[in-house]
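Peer 1: Single-letter residue listing:
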Amino acid sequence: MKIQCNRFQRTTVLFTLALIGLSTGAAMAGYLGSGRFNTRFLDWRFFGTTSANGSYTSPVGAAMSKWTSTTDLQFSKITGNNWDIAQYVSTFGSTGWAGLAYICATNGSCNNSSAWNNTYNYCIAYENRTYMDGYSQSRRQAVSGHEAGHCVSLAHNNTSSSIMYTFISSTGVTNPNTGDRNDVNARY
Amino acid sequence: MKTQNSIRFTKLAIGTFAGSLIVGAIATATLIPTDNPLQGEAHAAWISTSQTVTEQVMEADAVVRVQVLDQAQPRHLWHPTPAGAKRGTFAFTDTEVEILEVYSGKVDVGERIQVMQTGGDLVTVTGETSRMELAEDPLYTLGSEMVLFLVDISDDPVHGQKRPLFRTINPAGRYDIFGGLVSKRAWGSQSRASQSDLGTLEAEIQQAVRSRSQFESF
Numbered sequence: 001m002k003i004q005c006n007r008f009q010r011t012t013v014l015f016t017l018a019l020i021g022l023s024t025g026a027a028m029a030g031y032l033g034s035g036r037f038n039t040r041f042l043d044w045r046f047f048g049t050t051s052a053n054g055s056y057t058s059p060v061g062a063a064m065s066k067w068t069s070t071t072d073l074q075f076s077k078i079t080g081n082n083w084d085i086a087q088y089v090s091t092f093g094s095t096g097w098a099g100l101a102y103i104c105a106t107n108g109s110c111n112n113s114s115a116w117n118n119t120y121n122y123c124i125a126y127e128n129r130t131y132m133d134g135y136s137q138s139r140r141q142a143v144s145g146h147e148a149g150h151c152v153s154l155a156h157n158n159t160s161s162s163i164m165y166t167f168i169s170s171t172g173v174t175n176p177n178t179g180d181r182n183d184v185n186a187r188y
Numbered sequence: 189m190k191t192q193n194s195i196r197f198t199k200l201a202i203g204t205f206a207g208s209l210i211v212g213a214i215a216t217a218t219l220i221p222t223d224n225p226l227q228g229e230a231h232a233a234w235i236s237t238s239q240t241v242t243e244q245v246m247e248a249d250a251v252v253r254v255q256v257l258d259q260a261q262p263r264h265l266w267h268p269t270p271a272g273a274k275r276g277t278f279a280f281t282d283t284e285v286e287i288l289e290v291y292s293g294k295v296d297v298g299e300r301i302q303v304m305q306t307g308g309d310l311v312t313v314t315g316e317t318s319r320m321e322l323a324e325d326p327l328y329t330l331g332s333e334m335v336l337f338l339v340d341i342s343d344d345p346v347h348g349q350k351r352p353l354f355r356t357i358n359p360a361g362r363y364d365i366f367g368g369l370v371s372k373r374a375w376g377s378q379s380r381a382s383q384s385d386l387g388t389l390e391a392e393i394q395q396a397v398r399s400r401s402q403f404e405s406f
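Quick note, the sequences are listed as chains A and B, same order.
Residues in the first sequence are numbered from 1 upward in steps of one, following our numbering.
Residues in the second sequence are numbered from 189 upward in steps of one, following our numbering.
Read the hints as simulated data drawn from the structure, not as lab findings.
Keep in mind that this is a model prediction, so the values were computed, not measured.
Now the in silico label distances, taken between C-beta atoms and shown as ranges:
1. B:343 - A:108: 32 to 42 Å
2. A:81 - B:384: 47 to 57 Å
3. A:137 - B:249: 28 to 38 Å
4. A:136 - B:398: 36 to 46 Å
5. A:160 - B:298: 36 to 46 Å
6. A:51 - B:351: 23 to 33 Å
7. B:377 - A:137: 24 to 34 Å
8. A:50 - B:385: 52 to 62 Å
9. B:263 - A:78: 28 to 38 Å
10. A:68 - B:377: 24 to 34 Å
These stretches of chain A come out as covered by chain B in the derived footprint (C-beta under 8 Å, 3 or more residues):
11. 94-102
12. 140-149
Computed list of chain B residues with no C-beta within reach of chain A, every gap over 10 Å:
13. 255
14. 258
15. 289
16. 309
17. 333
From the three backbone atoms N, C-alpha and C, an ideal C-beta is built for every residue, glycine too.
Please take these sequences and the hints and turn them into a complete structure.
Peer 2: Next comes the structure, spelled out in structure tokens:
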């Protein structure tokens with residue numbers, strides 16, 4: 001069966017497709033705000049007690065390496081104080097959360113919409129040993145990778161295969177999926 | 189000729205659609221301050237996945253309607269290692285609430301309990317006061333009424349230290365009450381804030397409490 005259409009109908013079809021594409025493209029991107037670091041080359045440092053070093057450096061390092069190997073980001077581990085992202089493992093008690101990212105912008109604001117919509121100065125990814133000591137290495141990597149995702153502007157989403165899934169500590173997804181990678185690369 | 193035209197049109201349509209997808213994503217990423225319904229949600233990875241009233245009742249040690257009486261000064265956890273100007277300070281705020289109604293749990297009407305939240309007022313390195321709070325669980329305000337699904341953290345060595353202390357199971361375990369209506373913030377699988385009336389919520393809670401009692405009696 002052949003479908004005949006005139007120029008007006010073709011234009012309408014193309015316009016509709018463009019609108020659908022625009023709205024779908026917009027919906028795919030999930031960011032905390034319009035803010036970001038002003039470079040994709042970011043230095044990170046591990047902070048933790050001596051007892052945390054042995055059991056957390058490996059999964060945290062793997063999480064950061066995964067972002068570097070799968071996206072345009074270039075994370076470099078350093079030991080000095082001039083870090084952009086801190087991976088901070090400590091015991092925060094029965095807070096209800098396993099991880100939390102704390103972003104401070106160059107305008108001095110921290111962890112609020114002003115910070116999320118400005119140029120980032122630094123970010124601290126907190127990991128809570130109260131819960132994570134009971135996690136496997138891969139679940140620790142998942143939470144570290146998730147918080148690192150926040151540090152580079154990504155927001156939560158409701159896709160269980162995404163490392164930015166709201167309930168990441170229950171899924172243990174360790175690798176950024178295509179959507180995560182696309183979102184990061186679109187911003188950096 | 190017609191076949192060539194239709195191939196050309198198909199290519200054009202696919203190209204238009206794909207191009208629009210890319211433009212949409214880039215525009216959202218760079219120009220527009222995002223239309224993401226989860227924007228503004230803080231970045232905590234919560235442990236509890238309970239979101240329905242049934243799940244919340246199963247997990248909570250107490251389900252209560254409360255009114256906020258007082259807020260203590262935030263307790264600060266300083267982190268010595270992030271150096272210089274780049275340092276993180278954590279605040280936790282304990283709020284005193286009076287229990288107006290008990291749906292379940294070993295607490296009493298009229299009792300005053302402390303409920304802990306992550307967040308509080310901080311003094312920055314430049315000496316300014318800054319409020320840290322989680323967007324999905326902003327600090328309680330004086331006089332406000334809420335239905336809370338609470339877990340008892342009195343034994344927690346960091347926060348409880350043997351004093352009576354509670355926190356909500358997760359951000360979904362908090363329903364703010366305004367004029368007989370209860371509202372719930374966007375969080376988790378709920379991408380938009382929602383509202384219902386208090387009576388409906390109470391009926392749901394009571395049903396879930398009955399189911400839990402039956403479940404526990406087996």
